[in-house]
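Participant: Below are the chains, spelled out letter by letter.
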Amino acid sequence: MSEIITLAHGSGGTQMKRLIDELLTSTYGNDLLLTGDDAAVLELSELSDPGARLAFTTDSYVVTPHFFPGGNIGQLAIFGTVNDLATSGARPLYLSLGFILEEGFALSTLEQLATDIAAAALHAGVQIVTGDTKVVERGKGDGIYINCSGVGVIAPGRVLSGHNCKPGDAILLSGTLGDHGITIVSTREGLSFEAPIQSDAAPLSELVQAVIDAAPHARCFRDPTRGGLASTLNELARQSGTCMLVDESAVPVKDAVRGASDMLGYDLYHLANEGKMVAIVPAEEADRALEAMRRSPHGYGEDAAIIGRVVALDEPNLPRSTLTQAFVQTALGTLRVMDELNGEQLPRIC
Amino acid sequence: MDTAFLNKFKDPALSRGLVDRIKALSQQLEATPGNKTLNLMEVCGTHTVAIAKSGLRSVLPKNIKLISGPGCPVCVTANNDIDRIIAATRLPQVTVTTFGDMIRVPGSSTSLQERRAEGASVEVVYSPLDALNKALENPEQQIIFIGVGFETTTPLVAATVKRAQAAGIENFSVLTAHKRVTPALDALARDSDIALDGLILPGHVSTIIGSRPYRFLADCYGIPSVIAGFEPVDLLLAITQLLEQIVSQKSSVEIAYGRAVHEEGNEQACAVIDEVFTPAQATWRGLGAIPDSAHVLKDEYARFDALRRFDLQNLTEPTVEPRGCRCGDVLKGIMAPSECSLFGTACTPAHPVGPCMVSGEGSCAAYYKYQIEV
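Residue numbers (numbering that gives the first Met the number 0), protein chains in the order written: chain A, 0 to 349; chain B, 0 to 373.
Just so you know, these hints were derived from the structure itself, not from any lab.
A quick note: this is a predicted structure, and the numbers were derived from the prediction, not measured.
Worth double-checking, as some hints may not be accurate.
[Stated by the list, open to error] Restraint-style ranges between C-beta atoms, simulated for each label pair: (1) V135/A x A349/B: 31 to 37 Å; (2) A288/B x M262/A: 33 to 39 Å; (3) G118/B x D58/A: 46 to 52 Å.
Heads up, the beta-carbon is just placed ideally off N, CA and C, and yes, glycines get one too.
Could you build all of it, start to finish, from the sequences and the hints given here?
Facilitator: As structure tokens, this is what we get:
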């Protein structure tokens, strides 16, 4: 095989078959994928339980650089899709994987990604059961784009939705904010900081499951990816007709991330995360939920904290005639709006 | 980066102590005959954001009003200059490189961001040296760097131009709209429309120019002035020192940001500015033409001056000022952003009319983002 992707690899002919067989399916294949049929045929026995439901999600991954401290685009695709399923309370089961490769992309890089994808799927407990590979001409892609869809099954009786948040509920965050966002910016722009920062990319379905077991009335889960915590909390406020009040001093942030973010003029609440979960749970279940997060496998929740609470629109602390939105209680004891990211996040001049 | 040391400047207990001191001083001032609301102006965009973000206004006594001045370099850039910057994207075989802030700023009919979407070559860089490297890597392409900013960024651009000259690089130039802070402060101090009781002077610029160039503010105009840092404790300390000056009826230029700013500034950075740039008249949005308030390239460096190298005049569209936009008055501190009739309705960060709503450091964007009402 040649050492780079050529248009022939997407032609449907022998080169494409060799690429798929020798490099992709041989790395992350399984019985379902290896049947070689056009559609994966799945037996979902869990779905036969009355009240069990199917969760289905899709996401596309276009991040550059393709490799960054703490992860890469392939692993991110698996974990990102798994986490989207996890927020619904589903047990993630099967994924599809679609590659759009640019002519000239190094096969060795694709091989490395395939190996990491296989490890990520194994770690997250999911199988890749169908896929697609296309090649676009040089200059028409950014090396590699990945689309990943996934299905999972939600146990009967489990209803998680942003509409469920009620005044008094606790807001939990599973760990430090902004690690992924700052890692990507600093890698992309060649900025280096004294303390190493790495992406937090991680699969969180076990963490969500642990919280649900400890806090059976958990209202909802969200992974604060693009747009950061600010988008997540403002969206939840709008959905449930409440306000979200975050105590700034309770939000876990690594010193290096805070420093880098201050220096670049970024808002911590706008930074993307790839291994963090926000949970809204009733106040009386908050401590148990926190404990469950902190003890969940692989240490993904070890820095978890209760960072605030859901409040009613007429909460006395809030400005009068406020909208359903998120607020931050600053270290000075003052209140400010946690605004949503507008446009691209841009570094400032000085 | 010693984060434990830096965190001290966010310390709530230290902040509360300073707030108490400020309250005591303001009560003393209220008790004096002819007392009035005190207008303290910050002239740095990063201060505007830091004040809004920390919610400082709501802990200050009612008779202390913080107003925002012309401190955002993007905001003070006149429309005509922005149109000229956009015109550079219409040159053949040219890549326009810029700091991120400029990309969304609307000119008379378009912005760098829109031009990029239309296919023009526009790239965001973090340093002028990145632009110079692009010039080295792409010898067939002309790389123009947009030089916007106060004395904080000017030394970087000056050093880059010197490096380009030393290396004999032919395809690199700078389109300058650099501003100098002190002539603008002089214009503000002279302006009878603006009553200033104290100035919170910019921390970043002062790391370069030091405190001496501001002395005229106290000596000629009797305006209490304090150079401030960017954390809540820094800002509260600066406000405390301003009130102390007002109470004692003595004006001076003080430094409340000693960990970064020294009286003499950064002499090396000033020297490189003086070597490459020379003062000239600039037009500021809101403040109009101010003598000596620009930094333009000296004749020895003319070949790195995009304005002299390319004919941008024919590519620049006629300048149209946005209707109803009061950015000029906001930049002078005559009106608060929320007093503009377009604020929050016709003009929002998603659909900005004027630059003060575009830049992350613009007063309008800060007031909108943190929902500050005046």
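Participant: Take the hints in turn and mark each one as holding or not.
Facilitator: Going down the list of hints, with the structure as the test:
For the pair V135/A and A349/B, the supplied restraint of 31 to 37 Å holds, since their beta-carbon distance comes to about 32 Å. Checking the proposed 33 to 39 Å range against A288/B and M262/A shows it holds: the Cβ atoms sit about 35 Å from each other. Between G118/B and D58/A the beta carbons are some 29 Å apart, a value that contradicts the proposed interval 46 to 52 Å.
In summary, the one numbered hint that this structure violates is 3.
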